[in-house]
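So for the sequence shown, our numbering puts the first residue at 24; every next one is plus one.
Since the hints were made in silico from the structure, they are not lab data. This structure is a prediction, so every number in the text was calculated from the model and none was measured. Check the hints yourself; a few may be wrong.
[What the hints assert, rightly or not] Ranges between beta-carbon positions, derived for each pair: (1) Gly-29 <-> Leu-90: 16 to 22 Å; (2) Glu-48 <-> Met-24: 18 to 24 Å; (3) Gly-30 <-> Leu-71: 28 to 34 Å; (4) Ile-27 <-> Asp-69: 17 to 23 Å; (5) Asp-76 <-> Glu-31: 17 to 23 Å; (6) Glu-45 <-> Glu-92: 19 to 25 Å; (7) Met-24 <-> Val-70: 15 to 21 Å; (8) Leu-90 <-> Arg-62: 16 to 22 Å; (9) Asp-68 <-> Gly-30: 28 to 34 Å; (10) Leu-90 <-> Glu-45: 26 to 32 Å; (11) Gly-29 <-> Leu-71: 17 to 23 Å.
[Unchecked claim] Taking lysine to aspartate or glutamate pairs in the DMTMM-like style, the calculated list, with each CA pair at most 20 Å apart, reads: (12) Lys-46 <-> Asp-77; (13) Lys-28 <-> Asp-77; (14) Lys-46 <-> Asp-68; (15) Lys-46 <-> Asp-76.
Virtual Cβ for every residue (Gly too), placed ideally from N, Cα, C.
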Amino acid sequence: MLIIKGGERVYVQSAYAIRSEEKLESERRAFSLAGDSFRKIIVRDDVLSRTFDDSGILHVNLLDFLLDETIV
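With these hints in hand, go ahead and build the complete structure from the sequences.
In structure tokens form, the structure reads like this:
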């Protein structure tokens, strides 16, 4: 999903759970097709707090994503 807010693009991918490297690479692959440096977020139900991975992608819990307007 692509969200455009005030001229900024934010790419959002959702995954219920990422339990393997293969699943993580699958989710990241969708972002690599964008070919730009806008923010990228993976919304998951299996993380408790916000974290950035080595690729700079924010991993955030589903409830945090829905309730915190500052994430996007």
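Hints that the structure is at odds with (numbers, increasing): 4, 6, 11, 13
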